[in-house]
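K.L.:
Listed in order, the protein sequences are those of chains A and B. Just so we're aligned, residue 10 is where the first sequence starts under the working numbering, counting upward by one. Just so we're aligned, residue 2 is where the second sequence starts under the working numbering, counting upward by one.
Hints in this document: simulated from the structure, not taken from any laboratory. For every residue, glycine included, the Cβ atom is placed at its ideal position computed from N, Cα and C. Some clues are possibly wrong.
Stated by the list, open to error - Partner residues are not named here, just some residues of chain B that face chain A (Cβ under 10 Å, in silico):
hint: 1; residue: I42
hint: 2; residue: E44
hint: 3; residue: L45
hint: 4; residue: P52
hint: 5; residue: P55
hint: 6; residue: V58
hint: 7; residue: R67
hint: 8; residue: V76
hint: 9; residue: F78
hint: 10; residue: M80
hint: 11; residue: N81
hint: 12; residue: A103
hint: 13; residue: V105
hint: 14; residue: I123
hint: 15; residue: E125
Unchecked claim - Here are the simulated DMTMM-like pairs of lysine to aspartate or glutamate, each with C-alpha atoms no more than 20 Å apart in a straight line:
hint: 16; chain 1: A; residue 1: K621; chain 2: B; residue 2: D86
hint: 17; chain 1: A; residue 1: K613; chain 2: B; residue 2: E84
hint: 18; chain 1: A; residue 1: K648; chain 2: B; residue 2: E101
hint: 19; chain 1: A; residue 1: K613; chain 2: B; residue 2: E155
hint: 20; chain 1: A; residue 1: K442; chain 2: A; residue 2: E75
hint: 21; chain 1: A; residue 1: K621; chain 2: A; residue 2: D595
hint: 22; chain 1: A; residue 1: K648; chain 2: B; residue 2: E50
hint: 23; chain 1: A; residue 1: K487; chain 2: A; residue 2: D468
hint: 24; chain 1: A; residue 1: K652; chain 2: B; residue 2: E56
hint: 25; chain 1: A; residue 1: K487; chain 2: B; residue 2: E35
hint: 26; chain 1: A; residue 1: K85; chain 2: A; residue 2: E75
hint: 27; chain 1: A; residue 1: K652; chain 2: B; residue 2: E84
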Amino acid sequence: MNISDPTETFRQEARELLDELEAGLLDLEQDPSNSDLVNSTFRALHTIKGSGAMFGFTAVAEFVHEFETAFDQVRKGQTQANAALIGVALDAKDHIHLLIETPEAKILGGDEILASLRAIVNGETSAPATPKTEPAPAPANKKSAAPAPKAETATWRLEFYLPSDALIYGTNPVLLLEELAEIGPAKITALTDRVPDLTVLDPETPHIGWRVDIEADDPTAAIDDVFLFLRDNMELSLNRLDAADTLALDAETAEEPAPAAKVEVQPAPAAAPTTPQSAAPRAKPASGADTADRAAASSLRVPAERLDELMDRVGELVIAQARLSQIAGLSADTALKTIAEELERLSSGLRDTTMGIRMVPIGTLFGRFRRLIHDLSSELGKPIEFITTGEDTELDKTMIERLADPLVHLIRNSIDHGLESADKRAAAGKPAKGVVRLSAVYSGAEVAISVTDDGAGLDAVRIRAKAEENGLITPDTKLTDQELYHLIFAPGFSTAKEVTSLSGRGVGMDVVKRTIDGLRGTIDVTSRPGEGSTMTLRLPLTLAIIDGMLVRVGNGRYTIPLAAVEECVELPEGIEAHAKGRNFLDIRGALVPYLRLREVFGTKGESEPHQKVVIVSSGEGRVGLVVDQIIGNNQTVIKQLSKLHSGIKSFSGATILGDGSVALILDTAHLVAAGQGYVDRNLTGRAA
Amino acid sequence: MSQAMKLVELAETAPADAMNALTIRLDDELFAVEAHHVREILELVPITEVPNAPEFVGGLINVRGRVVPLADLRVMFGMNRAEPDEDTRIVVMEVDMDGEPAIVGILADKVHDVTDIEAASIEEAPKVGMRWRPEFIKGIGKRNGGFIIIPNMERIFEISGARTAPVAASEERSAS
Numbered sequence: 010m011n012i013s014d015p016t017e018t019f020r021q022e023a024r025e026l027l028d029e030l031e032a033g034l035l036d037l038e039q040d041p042s043n044s045d046l047v048n049s050t051f052r053a054l055h056t057i058k059g060s061g062a063m064f065g066f067t068a069v070a071e072f073v074h075e076f077e078t079a080f081d082q083v084r085k086g087q088t089q090a091n092a093a094l095i096g097v098a099l100d101a102k103d104h105i106h107l108l109i110e111t112p113e114a115k116i117l118g119g120d121e122i123l124a125s126l127r128a129i130v131n132g133e134t135s136a137p138a139t140p141k142t143e144p145a146p147a148p149a150n151k152k153s154a155a156p157a158p159k160a161e162t163a164t165w166r167l168e169f170y171l172p173s174d175a176l177i178y179g180t181n182p183v184l185l186l187e188e189l190a191e192i193g194p195a196k197i198t199a200l201t202d203r204v205p206d207l208t209v210l211d212p213e214t215p216h217i218g219w220r221v222d223i224e225a226d227d228p229t230a231a232i233d234d235v236f237l238f239l240r241d242n243m244e245l246s247l248n249r250l251d252a253a254d255t256l257a258l259d260a261e262t263a264e265e266p267a268p269a270a271k272v273e274v275q276p277a278p279a280a281a282p283t284t285p286q287s288a289a290p291r292a293k294p295a296s297g298a299d300t301a302d303r304a305a306a307s308s309l310r311v312p313a314e315r316l317d318e319l320m321d322r323v324g325e326l327v328i329a330q331a332r333l334s335q336i337a338g339l340s341a342d343t344a345l346k347t348i349a350e351e352l353e354r355l356s357s358g359l360r361d362t363t364m365g366i367r368m369v370p371i372g373t374l375f376g377r378f379r380r381l382i383h384d385l386s387s388e389l390g391k392p393i394e395f396i397t398t399g400e401d402t403e404l405d406k407t408m409i410e411r412l413a414d415p416l417v418h419l420i421r422n423s424i425d426h427g428l429e430s431a432d433k434r435a436a437a438g439k440p441a442k443g444v445v446r447l448s449a450v451y452s453g454a455e456v457a458i459s460v461t462d463d464g465a466g467l468d469a470v471r472i473r474a475k476a477e478e479n480g481l482i483t484p485d486t487k488l489t490d491q492e493l494y495h496l497i498f499a500p501g502f503s504t505a506k507e508v509t510s511l512s513g514r515g516v517g518m519d520v521v522k523r524t525i526d527g528l529r530g531t532i533d534v535t536s537r538p539g540e541g542s543t544m545t546l547r548l549p550l551t552l553a554i555i556d557g558m559l560v561r562v563g564n565g566r567y568t569i570p571l572a573a574v575e576e577c578v579e580l581p582e583g584i585e586a587h588a589k590g591r592n593f594l595d596i597r598g599a600l601v602p603y604l605r606l607r608e609v610f611g612t613k614g615e616s617e618p619h620q621k622v623v624i625v626s627s628g629e630g631r632v633g634l635v636v637d638q639i640i641g642n643n644q645t646v647i648k649q650l651s652k653l654h655s656g657i658k659s660f661s662g663a664t665i666l667g668d669g670s671v672a673l674i675l676d677t678a679h680l681v682a683a684g685q686g687y688v689d690r691n692l693t694g695r696a697a
Numbered sequence: 002m003s004q005a006m007k008l009v010e011l012a013e014t015a016p017a018d019a020m021n022a023l024t025i026r027l028d029d030e031l032f033a034v035e036a037h038h039v040r041e042i043l044e045l046v047p048i049t050e051v052p053n054a055p056e057f058v059g060g061l062i063n064v065r066g067r068v069v070p071l072a073d074l075r076v077m078f079g080m081n082r083a084e085p086d087e088d089t090r091i092v093v094m095e096v097d098m099d100g101e102p103a104i105v106g107i108l109a110d111k112v113h114d115v116t117d118i119e120a121a122s123i124e125e126a127p128k129v130g131m132r133w134r135p136e137f138i139k140g141i142g143k144r145n146g147g148f149i150i151i152p153n154m155e156r157i158f159e160i161s162g163a164r165t166a167p168v169a170a171s172e173e174r175s176a177s
């Protein structure tokens, strides 16, 4: 990929801005009077327009301009955001997205969207479509000099120096001046007092300041607009000149023939509606923009593969460091020991930082679903309340990306199959608004992400009928409800009576299962008839490095993810005697099943006389793993197993130990499940 | 590494109508693997046994920080598996596994040399009269009056991959 391709850069940036726009619009629907939201939405639009024009996406720029013009009425407080407006605005956002992704294609419908946008905006204001100067609600403007809305035209003196990095970031002073001149008849003078000697002049720094005398009512807001993205670091002063000053000014510049020297630009027709507005309702657009810009400037865009590369390097470093520590441990050289310890501390810090870079809060993903719910809700006519919790739960970036599609499927399923229609809900005595909950929570070495609805729940009878019809089971197959529910993940399975555009084609759930399997995760299904159902995805926290506990079974060494380990106990002696059929340990009153890893792995040779049990947990379940020896803790760089070994479910990967040999990493979730099954079936077969 | 480099150089100078091959001994038979698939040749390193894995790929080794499966072709050819001795080597190769390149190690009782086997001397494996499954053999070459077996690596690894699948399925059943 070519990072320097400007068009691609623009697309990437635009995609993020569009996401921001969408989020802003959806927030606005909830909180229509929040002017910060209006401003941030407007800012996203403005930036898309600006950079779109810069990169030759004229169709985008034109469309966004119209969008912006209509939306400006909301910003000015002349109309309130409402559901209809947000709906059209979202369509407009989609249209922009299409325009940006496929600029060469002829995309129709833009005019209709704009027309309905205008209709809503204007219909809401009042009969005369022309912008009217309404009495300002509160002249909370910082310019105390600003007179009442209907002010006579005065001359305003604006002096500004651009921030020193303005040119580097592509600011064109000429365009700024043109924009200023659109506000009203302007006289522009260059201030050259700060231009240094040629020998020390840095051509990339703007040295020239500008004095602009504008004739206008109150240009404060319009000027704020012009400098929206520069306001942070620039010097700017704006004063109203009274008649005497104006005269003095004229005297000052008397040598120039007054009218000719003016850089005069007639207000462009397109910008006309925005200029004669009273500026009262937007007291602080600039300050809002400032914080947003600052936040954006402090983050850095890095290609994901570079992060992966970094992770690999850190992985190698951790392995090398472990070897050094081992050698230092055997040596009597204190200097070596000291440096080894130092390195251990540093590499563990580096590991954590690198991991931290890759960890992304899942909220970024949750945000995307709000649009989905919004659309589904209106399409299916089911009012939905969408509640998310645990947005700040962090997961590996790769994992989050791969989770997007499965979660979309699960949410669609919940809404389409789970939630009943409004009449049915009323009949069942439920509130008309269905609730869909999306939550993420840490649980041991895993993250549990669940999608819950308060709908009808899974219909066990219908699932069974469908499964029999599809030949997945025979009528005499005995299944628990749990096993029955899991049939919905079988390929080609669908219980929807009618196929809608959203679901019912029987593709999806099996894909969900496969994706989650690929991430070494599991899916739990719980359901209560009439009360709703929950799908829970359990996923490992990361795909890269974990803390591990190294154990020995026979001659083999294995790593157990430390986050899954609850405690270690001795295997009571004599338990052997009644092992058959009673593989339970009594851990402070709770019965915990245990697996002898020697049996699971078919290890040969005599076992140690004093075996240890490592209690691990996964989700609700716990299981004891009987090992010969607990060696200690280590940092474990997870290496995927090749396809040749992908069929062996007891292991989630492998790692390289300090001495350079390979150790397998136990898949605790699988072993816990196996342990439960082992006990359930009363030792009818080997567990793994 | 230097040995591997040498192999690559040799491979590039091979005449077009010959197969540039590394010859290795397994049990008492001579095998030839394509030299440009060979990445390096290692002395015996510690092998980590993978419980419940197919016998053919029962181990893992560390190759420069990479975890690589170790295959024993002798299992596929039903040969006698002698204990490793001072001649035992691991040939690290790149093979196609389900269309994707993968790195595997192969145990060799002894590594001989890199040689050119004339294309004309390579014959198809006879369908009968062999103690090995014919689909595992690409051809049989002749050199110095003896035979050299050219194994079909893609096929061997494809088959072994398919073989692990039933194991996976049965494990999954017992787990749920």
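K.L.:
Now look at each hint and say whether the structure bears it out.
P.N.:
Going down the list of hints, with the structure as the test:
1. I42: With a minimum Cβ separation of about 18 Å from chain A (threshold 10 Å), the hint on I42 of chain B is violated.
2. E44: 13 Å, violated
3. L45: 13 Å, violated
4. P52: 3 Å, holds
5. P55: 8 Å, holds
6. V58: Result: holds, 5 Å to nearest chain A Cβ.
7. R67: 7 Å, holds
8. V76: 13 Å, violated
9. F78: Not OK, violated: F78 of chain B not within 10 Å of chain A, min 17 Å.
10. M80: Violated: closest Cβ of chain A sits about 19 Å from M80 of chain B, beyond 10 Å.
11. N81: 21 Å, violated
12. A103: 6 Å, holds
13. V105: 7 Å, holds
14. I123: 28 Å, violated
15. E125: Hint on E125 of chain B: violated, closest Cβ of chain A at ~28 Å, above 10 Å.
16. A:K621 - B:D86: Given pair K621 of chain A, D86 of chain B is violated - Cα atoms ~36 Å apart, limit 20 Å.
17. A:K613 - B:E84: 18 Å, holds
18. A:K648 - B:E101: Holds, at about 18 Å.
19. A:K613 - B:E155: 33 Å, violated
20. A:K442 - A:E75: This hinted pair is violated, its Cα atoms lying about 35 Å apart.
21. A:K621 - A:D595: Cα-Cα ~14 Å, so holds.
22. A:K648 - B:E50: 16 Å, holds
23. A:K487 - A:D468: 17 Å, holds
24. A:K652 - B:E56: With Cα atoms ~15 Å apart, K652 of chain A and E56 of chain B stay inside 20 Å; holds.
25. A:K487 - B:E35: 54 Å, violated
26. A:K85 - A:E75: Distance of about 16 Å is within 20 Å: holds.
27. A:K652 - B:E84: 27 Å, violated
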